[in-house]
Structures are given as C-alpha cells and as structure tokens.
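Student: Each chain is listed here by its residues.
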Amino acid sequence: DAGITQSPRYKITETGRQVTLMCHQTWSHSYMFWYRQDLGHGLRLIYYSAAADITDKGEVPDGYVVSRSKTENFPLTLESATRSQTSVYFCASEYREGTEAFFGQGTRLTVV
Amino acid sequence: EDQVTQSPEALRLQEGESSSLNCSYTVSGLRGLFWYRQDPGKGPEFLFTLYSAGEEKEKERLKATLTKKESFLHITAPKPEDSATYLCAVLSGGYNKLIFGAGTRLAVHP
Chain A
25 DAGITQSPRY
35 KITETGRQVT
45 LMCHQTWSHS
55 YMFWYRQDLG
65 HGLRLIYYSA
75 AADITDKGEV
85 PDGYVVSRSK
95 TENFPLTLES
105 ATRSQTSVYF
115 CASEYREGTE
125 AFFGQGTRLT
135 VV
Chain B
797 EDQVTQSPEA
807 LRLQEGESSS
817 LNCSYTVSGL
827 RGLFWYRQDP
837 GKGPEFLFTL
847 YSAGEEKEKE
857 RLKATLTKKE
867 SFLHITAPKP
877 EDSATYLCAV
887 LSGGYNKLIF
897 GAGTRLAVHP
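Those sequence lines, one after another, are chains A and B. Be aware that the first sequence starts at 25, since it is given in our numbering, and climbs by one per residue. Be aware that the second sequence starts at 797, since it is given in our numbering, and climbs by one per residue.
Simulated from the structure, these hints should not be mistaken for laboratory data. Quantities reported herein were computed from a predicted structural model and do not represent experimental measurements. You may find that some hints are simply not true.
[As the list claims (entries may be wrong)] With a straight-line cut-off of 27 angstroms between C-alpha atoms, the simulated DSS-like cross-links for lysine-lysine are:
| id | chain 1 | residue 1 | chain 2 | residue 2 |
| --- | --- | --- | --- | --- |
| 1 | B | Lys838 | A | Lys94 |
| 2 | B | Lys838 | A | Lys35 |
| 3 | B | Lys853 | A | Lys81 |
| 4 | A | Lys81 | B | Lys893 |
| 5 | B | Lys864 | B | Lys838 |
| 6 | A | Lys94 | B | Lys875 |
| 7 | B | Lys893 | B | Lys853 |
[To be verified] Just a sample of chain B residues kept apart from chain A, beta carbon distances all over 10 angstroms, derived:
| id | residue |
| --- | --- |
| 8 | Arg808 |
| 9 | Phe830 |
| 10 | Glu852 |
| 11 | Glu866 |
| 12 | Ala873 |
| 13 | Ala903 |
Note that the Cβ used here is the ideal one computed from N, Cα and C, for glycine as well.
Given the sequences, and given the hints that come with them, work out the whole structure.
Tutor: Structure representation (structure tokens):
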C-alpha cells in the first residue's frame, strides 16, 4: 500500500541496548523526518534528511543516529538506549520542504 | 527563540457547542502556520496551512484564521467525531523546520 509505514509499532528494550526503528515511504518524497512526542512537549525534531545520503540534526539529536542510503527508507538507531528515550517516535515525509507533512502511525518505545 | 504555545491544554464541549482553539507564536519571519489533527494511537493528519495574516481556510466544521501573533481554529457545531488532539506548528525563516506546540485535547460529548 502507498504511504508511510513504521515498524515496529511497539518495542520494549533494556537500558544500554541498541535498537533501530524503521521508516519506509512509497511516495519518493525527498524530505524525511524523525520526531519524538512526549507529554507536555509536543513533537520535537530529532533528525531530518533532504535526500538520500543527506542528513542533519534537529532539536534533540543526542543519543540517536540516522542513515538514508535509499530515498524510501530512513531508519533511526538508538545506539545505547536510556530511560529518557522512552517516547512515541514518528516518522514523516514531505514532497518539498515546508509543505504538508505526512506522518507514520508511530512507534511506542519503552526503555526499562 | 522561536516558540509556539497552544491553549487551552484540554477542552470539553457538548455536541453543537461552538468554540475556538488558540495558537500563539513568536518566530523570526513566519513562512507558514500548520494545523494538524491527531487521533489516539495515530500520527498527525494535515488540516490547513496559512501563510499570511488575514488568511482564512475552512474544512467542514473547522475554520482556521491567522494574525501576526496567533492563529485560531474555530469549531462550529462540533460532533463527537471531532474529538482529537489538535496540533499547531510554525515554519520560521530562522529555523527552517516545523516547530510544534504541545496541542489541545478536544473532547466533544453527545
């Protein structure tokens, strides 16, 4: 199906483990984003990508790594998970920067 | 520093009771103001983009307006299916990415 999909939908991991959240879009949008959503903070930008092999930091990048070898995929890796990274993570894409963003269904990550 | 504040945090309405949600912002050069709707357990869904003061956009029972300091999302005769969290975001010239407010949780009761 066309759209933007995230996997897994739910994940529980232990402190110190590496975990990767996947994001796939079928529109060939140039721009892709990773946000985290926490109560009282709204959506905060972690990393974004303007095209394959071009990524840049957002507001809260510490502890996260991204890559984008193909236009359609934008995985987010927590290298050594901490409890403060317990959150709901959303991936989004835009056809052109500053236009309507399309969001995935989110991944609820719990770090214990 | 660019900032977006939404009020109220939560709003409870009776079906048919019209009201407004507020989004106030301070940004260095507004390039666009966005409204999204978010249902529980789902990602935000785009509603409107406003680009300049005085602009208005409508969709069904929703109407968004924009001034130089704030935006309002007016809900006319709401129905229970309008219950959701409404998010406001701004795109500023200084920081070329969306900055989101914390959202307003709207509950419409029959």
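Student: It remains to establish, for every hint, whether it holds in the given structure.
Tutor: Now for the hints, and whether the structure bears them out:
1. Lys838(B) - Lys94(A): holds, 25 angstroms
2. Lys838(B) - Lys35(A): This hinted pair holds, its Cα atoms lying about 16 angstroms apart.
3. Lys853(B) - Lys81(A): Status violated; Cα separation ~33 angstroms.
4. Lys81(A) - Lys893(B): holds, 11 angstroms
5. Lys864(B) - Lys838(B): Given that 27 angstroms is the threshold and the Cα spacing comes to 31 angstroms, the pair is violated.
6. Lys94(A) - Lys875(B): violated, 43 angstroms
7. Lys893(B) - Lys853(B): Holds, because 22 angstroms separates the two Cα atoms, which is no more than 27 angstroms.
8. Arg808: For Arg808(B), whose nearest Cβ neighbour in chain A is about 19 angstroms away, the distance exceeds 10 angstroms, so it holds.
9. Phe830: For Phe830(B), whose nearest Cβ neighbour in chain A is about 8 angstroms away, the distance does not exceed 10 angstroms, so it is violated.
10. Glu852: holds, 18 angstroms
11. Glu866: Label holds. Min Cβ-Cβ 17 angstroms, cutoff 10 angstroms.
12. Ala873: holds, 26 angstroms
13. Ala903: holds, 17 angstroms
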